Amino acid sequence: MSSSDHGAFPSADLQRLLDLLGAKGHRVVGPTLRDGAVVWDTIARVSDLPIGWRDHQAPARYRLEQTGTGEVFGIVHGPQSLKPFAFAPREPLLQIERTNGGLSIYPRLPKPEKIALLGARPCDVAGLAIQDQIFLRGPYRDSPYASRREGLFVIAVNCTRALPTCFCSSMKTGPRAQSGFDLALTELDDVLLIEAGSEAGKAVLTELPVSPASETLLAEASKRIGACAESQGRLQEQAALPQALYDAYDHPRWDDVAARCLACTNCTMVCPTCFCHTIEDAPTLDGQHTERTRLWDSCFTHEHGYIHGKNIRPMIKDRYRMWLTHKFAAWHDQFGMSGCVGCGRCITWCPVGIDVREELSALLASDGRSAARRSDNP
Amino acid sequence: MALLMKGEQKPKLGVFKFASCDGCQLSILNLEDELLLLGEALDIAYFPEASSRMDPGPYDIALVEGSITTEEDRERIKAVREQAKVLMTIGACATAGGIQALRNWADIESYKQVVYPRPDFVRTLATSTPIADHVKVDYELRGCPIDKDQLRRVITDLLAGVQPRIPTDSVCLECKRRGNVCVVVAKGMPCLGPVTSGGCGAICPSMGRDCYGCFGPAEGVVKGAGHPPNTSSLAKQFHDRLGLIPIEVVRRFRGINGAAASFRRESEAWAVEHTNSEGS
Numbered sequence: 001m002s003s004s005d006h007g008a009f010p011s012a013d014l015q016r017l018l019d020l021l022g023a024k025g026h027r028v029v030g031p032t033l034r035d036g037a038v039v040w041d042t043i044a045r046v047s048d049l050p051i052g053w054r055d056h057q058a059p060a061r062y063r064l065e066q067t068g069t070g071e072v073f074g075i076v077h078g079p080q081s082l083k084p085f086a087f088a089p090r091e092p093l094l095q096i097e098r099t100n101g102g103l104s105i106y107p108r109l110p111k112p113e114k115i116a117l118l119g120a121r122p123c124d125v126a127g128l129a130i131q132d133q134i135f136l137r138g139p140y141r142d143s144p145y146a147s148r149r150e151g152l153f154v155i156a157v158n159c160t161r162a163l164p165t166c167f168c169s170s171m172k173t174g175p176r177a178q179s180g181f182d183l184a185l186t187e188l189d190d191v192l193l194i195e196a197g198s199e200a201g202k203a204v205l206t207e208l209p210v211s212p213a214s215e216t217l218l219a220e221a222s223k224r225i226g227a228c229a230e231s232q233g234r235l236q237e238q239a240a241l242p243q244a245l246y247d248a249y250d251h252p253r254w255d256d257v258a259a260r261c262l263a264c265t266n267c268t269m270v271c272p273t274c275f276c277h278t279i280e281d282a283p284t285l286d287g288q289h290t291e292r293t294r295l296w297d298s299c300f301t302h303e304h305g306y307i308h309g310k311n312i313r314p315m316i317k318d319r320y321r322m323w324l325t326h327k328f329a330a331w332h333d334q335f336g337m338s339g340c341v342g343c344g345r346c347i348t349w350c351p352v353g354i355d356v357r358e359e360l361s362a363l364l365a366s367d368g369r370s371a372a373r374r375s376d377n378p
Numbered sequence: 001m002a003l004l005m006k007g008e009q010k011p012k013l014g015v016f017k018f019a020s021c022d023g024c025q026l027s028i029l030n031l032e033d034e035l036l037l038l039g040e041a042l043d044i045a046y047f048p049e050a051s052s053r054m055d056p057g058p059y060d061i062a063l064v065e066g067s068i069t070t071e072e073d074r075e076r077i078k079a080v081r082e083q084a085k086v087l088m089t090i091g092a093c094a095t096a097g098g099i100q101a102l103r104n105w106a107d108i109e110s111y112k113q114v115v116y117p118r119p120d121f122v123r124t125l126a127t128s129t130p131i132a133d134h135v136k137v138d139y140e141l142r143g144c145p146i147d148k149d150q151l152r153r154v155i156t157d158l159l160a161g162v163q164p165r166i167p168t169d170s171v172c173l174e175c176k177r178r179g180n181v182c183v184v185v186a187k188g189m190p191c192l193g194p195v196t197s198g199g200c201g202a203i204c205p206s207m208g209r210d211c212y213g214c215f216g217p218a219e220g221v222v223k224g225a226g227h228p229p230n231t232s233s234l235a236k237q238f239h240d241r242l243g244l245i246p247i248e249v250v251r252r253f254r255g256i257n258g259a260a261a262s263f264r265r266e267s268e269a270w271a272v273e274h275t276n277s278e279g280s
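Going down the list, the protein sequences come from chains A and B. Just so you know, we're using the numbering used here here: the first sequence kicks off at 1 and counts up by one. Just so you know, we're using the numbering used here here: the second sequence kicks off at 1 and counts up by one.
Since the hints were made in silico from the structure, they are not lab data. None of these values were measured; they are calculated from a predicted model. Don't be surprised by glycine CBs; every beta carbon is placed ideally from N, CA and C. Be aware that one or more of the hints could be misleading.
[Stated by the list, open to error] Derived EDC-like pairs (lysine to aspartate or glutamate); straight-line CA-CA distance at most 16 Å: (1) B/K10 / A/D286; (2) A/K24 / A/E199; (3) B/K187 / A/D35; (4) B/K187 / A/E65; (5) B/K236 / A/D5; (6) A/K202 / A/D35.
[To be verified] Every beta carbon over 10 Å from chain A, so not counted as near; a handful from chain B, in silico: (7) L4; (8) P11; (9) I44; (10) E49; (11) T70; (12) K78; (13) H134; (14) G179; (15) V185; (16) N230; (17) L244; (18) V272; (19) G279.
Working from the sequences, and respecting the hints, build out all of it.
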């Protein structure tokens with residue numbers, strides 16, 4: 001961190017940034033309070049942000065607390081990652097009309113919209129980068145995703161407080177955003193540090209009245225972000241995870257977790273990287289028009305594993321194993337990286353509080369694996 | 001699976017009522033904008049709730065509302081089945097026995113004494129049972145009442161001669177697609193959404209309240225192909241973490257779909273817990 005590329009401004013002046021983004025044609029979207037959590041919504045004024053609130057997260061538990069301070073980004077995150085902004089939960093794909101003797105097919109694309117996402121956490125910025133890899137860089141470029149993604153301007157906020165569910169430092173995605181953002185903020189009491197991470201970010205930053213960040217402020221930011229990393233529990237050695245998980249295919253722990261797992265799909269819905277979807281056609285009664293829509297789906301549903309007259313993952317055990325192994329092992333083979341960013345949402349938003357970190361620890365315990373091997377060779 | 005063949009004539013529709021409140025039949029009439037299209041696509045031959053025209057069968061599609069609670073209905077449903085190419089149950093009563101299946105855990109004679117001035121006039125079975133316990137059912141639409149869009153979709157599919165798609169994934173899937181905040185996690189409410197079939201569009205959690213399971217247990221896409229939801233894990237969470245006492249867990253699962261197999265097993269397990277805790 002050097003002082004030359006960082007600016008600083010009083011938190012009280014944040015409205016200037018909102019106004020500037022608005023003037024450049026962005027709809028600013030940020031964290032807002034709703035139904036006991038934060039959800040993304042349009043921010044017109046700084047006062048729309050949850051100033052003076054913090055979140056407490058634990059397995060199957062999310063609570064907000066009013067601190068009465070002027071802290072703007074005190075809440076780490078809510079159930080939504082950045083996923084809905086590019087990979088929409090419900091995306092119209094095609095409109096099909098019956099015409100004389102045939103069908104006319106009209107592809108549908110989302111209306112282009114410039115959205116400035118204020119308050120994206122480093123783990124979520126990393127999640128967006130993973131989704132980019134999947135939807136944009138493979139052999140097929142996904143048009144609706146590309147269209148939505150193009151309009152996104154990402155303003156990250158580095159983390160200076162970790163929740164008990166956070167493990168971004170293990171996944172090397174945070175608590176400082178490394179790339180994939182346009183602007184990044186760090187909140188230090190009543191001051192906001194700001195840096196640009198892209199040309200578009202630089203263009204905004206040059207128009208924003210900021211003073212150069214002092215070495216003292218930068219050192220303080222590094223200290224707090226470092227402390228945030230230190231305060232997190234550690235996950236297993238990353239490099240060993242894929243093979244260890246493949247080796248644990250018959251581990252008795254899968255039965256144990258299947259007894260708790262509801263197969264309700266919540267972990268996959270809140271996951272910033274899960275990309276499964278289903279396609280639905282909605283014809284009118286007379287069969288003259290139909291809409292084809294892409295919907296978020298999950299590897300925990302029955303239909304997901306239903307192929308050609310047979311369900312290849314009939315049991316909850318099969319589905320949980322598929323999900324966890326994909327996320328932490330097969331993802332490496334498929335995309336050359338882990339499918340987990342360590343945001344901890346799957347832990348918080350699991351209605352029965354299944355903690356992936358505990359499951360991985362248990363699955364990697366050598367006694368369990370040897371027990372599994374024994375059961376293989378009676 | 002039963003499908004309709006495309007023919008010269010409009011397929012004949014019959015709508016039959018058993019023990020029920022008529023709410024699901026009203027959902028058909030609530031199609032409003034598409035009711036005329038429905039009338040054009042189908043010959044509505046028998047639908048006493050809507051029309052005095054009551055043509056005899058056979059029917060291409062029979063929609064059956066309500067559960068079996070009397071000797072007469074036990075015979076009548078067989079007659080309906082014989083007349084129907086495709087029989088589809090509509091709503092929680094027809095698919096699981098409905099709220100009136102609470103009688104299955106009670107003494108029907110004492111109920112009669114309490115409710116009716118002349119209980120000797122009442123002839124009823126001791127149980128309320130779903131249609132599928134009596135005749136073969138081709139398709140089931142869940143809900144109390146059913147979701148009219150789901151009904152429209154299934155009829156559209158049948159008319160097109162394709163296999164209707166009736167997902168019974170959890171309410172959570174629809175809830176999260178809508179961007180709702182989970183009421184279990186953020187508010188500690190004993191929501192049945194994780195083990196309940198969607199199709200409703202997660203109406204209750206969208207209104208900030210907990211799902212009470214009116215679409216019944218979440219399970220496979222085709223009846224019998226799936227596996228029952230993990231009600232025991234959710235019930236344990238209600239009890240251990242959300243502070244419900246055993247009788248409250250019983251009541252949670254013993255509602256509109258209380259007689260659906262997996263909900264029934266769960267409530268009966270907790271009824272034993274309750275009796276044990278009373279005794280200690």
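Now for the hints, and whether the structure bears them out:
no. : hint           : in the structure
1   : B/K10 / A/D286 : 12 Å, holds
2   : A/K24 / A/E199 : 14 Å, holds
3   : B/K187 / A/D35 : 8 Å, holds
4   : B/K187 / A/E65 : 13 Å, holds
5   : B/K236 / A/D5  : 53 Å, violated
6   : A/K202 / A/D35 : 36 Å, violated
7   : L4             : 13 Å, holds
8   : P11            : 12 Å, holds
9   : I44            : 13 Å, holds
10  : E49            : 20 Å, holds
11  : T70            : 35 Å, holds
12  : K78            : 31 Å, holds
13  : H134           : 26 Å, holds
14  : G179           : 6 Å, violated
15  : V185           : 5 Å, violated
16  : N230           : 5 Å, violated
17  : L244           : 14 Å, holds
18  : V272           : 19 Å, holds
19  : G279           : 27 Å, holds
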